[in-house]
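Student: Below, each chain spelled out in residue letters.
Protein chains: 4
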Amino acid sequence: MTPKVGWIGLGLIGKPMARRLANAGLAMTVWNRAASKAEELVPLGARPAATAREAAAASEVLFTCVSDPPALEAVLFGPEGALEGLGAGSVLVDCSTISPALARRIAAACAERGAEFLEAPITGGTWGAEKGELVFLIGGEAATLDRVRPVLAHLGKKLFHLGPHGAGQTVKLAMNLLYALEVQALAEALALVAGAGIGAEKLLDVLASSMGRAPVLDVKAPMMTSGNYAPSFPLRLMHKDLGLALDLANHLGVPLPATAAARETYSAVKGASAEDVDYAAVRRFWRQ
Amino acid sequence: MTPKVGWIGLGLIGKPMARRLANAGLAMTVWNRAASKAEELVPLGARPAATAREAAAASEVLFTCVSDPPALEAVLFGPEGALEGLGAGSVLVDCSTISPALARRIAAACAERGAEFLEAPITGGTWGAEKGELVFLIGGEAATLDRVRPVLAHLGKKLFHLGPHGAGQTVKLAMNLLYALEVQALAEALALVAGAGIGAEKLLDVLASSMGRAPVLDVKAPMMTSGNYAPSFPLRLMHKDLGLALDLANHLGVPLPATAAARETYSAVKGASAEDVDYAAVRRFWRQ
Amino acid sequence: MTPKVGWIGLGLIGKPMARRLANAGLAMTVWNRAASKAEELVPLGARPAATAREAAAASEVLFTCVSDPPALEAVLFGPEGALEGLGAGSVLVDCSTISPALARRIAAACAERGAEFLEAPITGGTWGAEKGELVFLIGGEAATLDRVRPVLAHLGKKLFHLGPHGAGQTVKLAMNLLYALEVQALAEALALVAGAGIGAEKLLDVLASSMGRAPVLDVKAPMMTSGNYAPSFPLRLMHKDLGLALDLANHLGVPLPATAAARETYSAVKGASAEDVDYAAVRRFWRQ
Amino acid sequence: MTPKVGWIGLGLIGKPMARRLANAGLAMTVWNRAASKAEELVPLGARPAATAREAAAASEVLFTCVSDPPALEAVLFGPEGALEGLGAGSVLVDCSTISPALARRIAAACAERGAEFLEAPITGGTWGAEKGELVFLIGGEAATLDRVRPVLAHLGKKLFHLGPHGAGQTVKLAMNLLYALEVQALAEALALVAGAGIGAEKLLDVLASSMGRAPVLDVKAPMMTSGNYAPSFPLRLMHKDLGLALDLANHLGVPLPATAAARETYSAVKGASAEDVDYAAVRRFWRQ
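Chains A, B, C and D, in that order, are what the protein sequence lines are. Its first residue numbered 509, the first sequence is counted upward by one per residue in my numbering. Its first residue numbered 509, the second sequence is counted upward by one per residue in my numbering. Its first residue numbered 509, the third sequence is counted upward by one per residue in my numbering. Its first residue numbered 509, the fourth sequence is counted upward by one per residue in my numbering.
Misleading hints may appear alongside valid ones.
Unchecked claim - Covered stretches of chain B (chain A as the covering partner; in silico rule of three or more C-beta atoms under 8 angstroms from a C-beta of chain A):
1) 672-683
2) 710-717
3) 750-762
4) 770-780
Hints listed in this document are in silico derivations from the structure and should not be mistaken for laboratory results. A virtual CB, placed ideally from N, CA and C, is assigned to each residue, including glycine.
If we strip away everything but chain A, and leave its shape as in the complex, we get:
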């Protein structure tokens, strides 16, 4: 009795997620702004939809997984958008990282149509998406979560139910500012030792046996020393999330001084980088 699933957004994270569901044998309708990506899933049994609205109309559980708030607003609220297609009793699950305010607006729009909404931003990256080991940070009703839990089980190893609509996105933004500042911390520490003429490996040796070690730094440190910034989590998206975190904090009147300082260094690197780079490339702020 698995539900009919719709999927909108087949990017770096969305595509491997959708592929897992298709491989698991779920009936799927898929739509992507660039239609060619939807075609890639046809051999796995997925049916391409002509519009986001059509994908929504064909689904009991509809996933959206796009890169930023404007993209999500377009696929939901734009012409031929998904919201118009959502049937009463269906569930919309959004895996994008957006503002809590937008999440609450979507929840209200779903409720008007008799549909339910779950915000479910994720961590774990492409690797986690492929292996079904994502972590979901969920905001919404527990009953809604229970309805989609069997589907999410194909995608993730952990589901954190963090509170009502907005709570999932808030914690997601808090986690991402924490990641960004940890990586900034490493970048500043490396800039200091480099400026003093000391090799990065000296610092990294000490870090590895210290209380400051963190898995994210184990992953990013080699990028910083090699200068190979092939994107795992693109800097432009981390920069966007820092903007969302600061927007939220400024709305709440909560000062975030180090996050604000870090955001400007990510901004400078974004402005100076022609190609897509991992957010570890914040190290380039010091021209390395």
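Place chains B, C and D on chain A using the hints.
Tutor: Using the frame of chain A, we list chains B, C and D on its own:
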């Protein structure tokens, strides 16, 4: 054939270190500005000296372990200071966190007297000092390190030889800014979720299973949620070390934007805290 | 041959502007979200409209002057919004401070209807609005500006034509970040001398005869020393403009480190202030 | 009955000051680390001293005017330093910008010798030094000030007596952070408009007729647009003074977020500039 050891500085870290050496049976002369602390080591066989100079004169290997650069300058260069007592062929090992410039000045002053100098700032805290599991970040000659290695073996589990005089302090300052920014990252993330009305435990649950987890955060998070900031590493010392890191970076012309932003929050909390608190109390910047 | 004028937005700045035009004998239609404010202009000959759309339909030159981008989007693009009422050949002049991107979107929407658009954010405050001594920072076509110049002459002493659509808002945001940082500079300088136990008047005496004096500081300094922050330019609006400036800069990849740091202090004061205060109240960040 | 005057420090500011006193016919003894500069004053009647101590011994009022705290410590406390030469009843007037703590230390050292001390940091630059239009920010006893007032009258147009020892330096540091942030504000505003493709002159036109205009910006703006940063007030000295201001603020526990952010941009430009540049060159942070 263990050397005669002198010890200057019997604070939170220095006393357990000195006690380990005394317990190991080494012949020790000790001096502390507040003499009562030196008396505590007498039952273990240590001999109290009347002045820093006298402690130095009685030692083949002299350790200093004090809280900040002015304190170290006083015990080394002040009246009846240790430097005047250092004999030719002796070794001075300083475990304080100071500027690389001061480390190089001490090295030069030792050389003038025919003595050798090793900078050996430590990480690992009181707990590591008591267990003999400190980590030493060493700058100086390898031959000097080899001479004192048998003594250091009683105190630490790891010795990182990081380069010439100044390199140990530089890496120490880089590590401490990294710690301070990691803890600041957690504080800002918690301030954001608190401002949004979400419990700290929600964020901490997610953090615990994320790539952002770090041992230092495992230790500091409970302090931040309980508001119990009994000092493990005092905020005033972390604030001092951030100042040393920024002094060094500004001397080198290396901008450290997030470190500079964080330092001001540590400063605000220092200014507002009557009692001695752990540096996790940076969370109080948001009046928690 | 003066044109029929419409006016939307009768707040602290908009009302005195509209009143000047009505007093000058121009035929006016006015609309405000809170209708009572429109009624106040009836004795001067203005005709209240029932909706923004109706005000637009009755006008050859339509002014909008509202507090922030969402308010402007609502009156222009919302139900019964002004855009639907704009006739071919009419001119929309917006005096709000918004993002350059929104200005360009409005320009495009006007062009679709055969109307022209001029962005014309202002400086000079309530006082300048009452005296007709505002400064307009204009973006758009020179020909459009020439068409409305006779109307603007009643309102302002200076018109700066800064370039195409977006340029007026960009310069406005740059000016506002400059004001905010100048006031922040004074607030930090006063915090330092206060922390050292020196009276504010000592610093202000020196400032008054220095190269650092600025008219904006002459106005804000007495607020800071008296603690009377009756809003001339509300902190919440300056905070909003700093957000727009940072959004623009981050979009462009231009780091603004001091602006970002200042924005967080404005945010903290906004979060801690129950009442509406002038942006000079950033001094309260230090609990004065 | 003018006193015998000594002068130590003949740099960009000190030399024109000393020359004015010599031209006024005062009996002068001069000393400079680089002796050739002292020789230049001989034709005006000044007598070169062999050491700082000798200059002090020959003077009733001794001026010091050097570039930074270490330089001042060297000429006062170093071998053959001025302090050893100061006679009982003489007055030491220091025009350098140093920390309030060092000012108080010097005052205490003078008192031990029966001499008086006045801190008298200056603003007004080379131009003011040549014209005798400097502004003195004075800390110390009013009676001491009265004793040297006739000499200072040759040098400055305004004397601000700001309080006891330390107060003059504190206000000086507060003024300099204010200057630095005003110039930073202009640099960030220009970076934003430049990033948006708008000419600097557009912003400067608006600034010139705004409440944000300031004499210091009138002087620095042409430097920023031309890229000609011939030093009037060298960036390295402004960077040093920002460091002193932050040291003081951090000692007091007063956070200065924007000053801290600005200091890092000055630091980056200092690190990247081979030649001596004016502090307006902070504009180069954005590679202009």
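Student: It remains to establish, for every hint, whether it holds in the given structure.
Tutor: Against the structure, the hints come out as follows:
no.	hint	result
1	672-683	holds (count 7)
2	710-717	holds (count 6)
3	750-762	holds (count 6)
4	770-780	holds (count 3)
Of the numbered hints given earlier, the model fails none.
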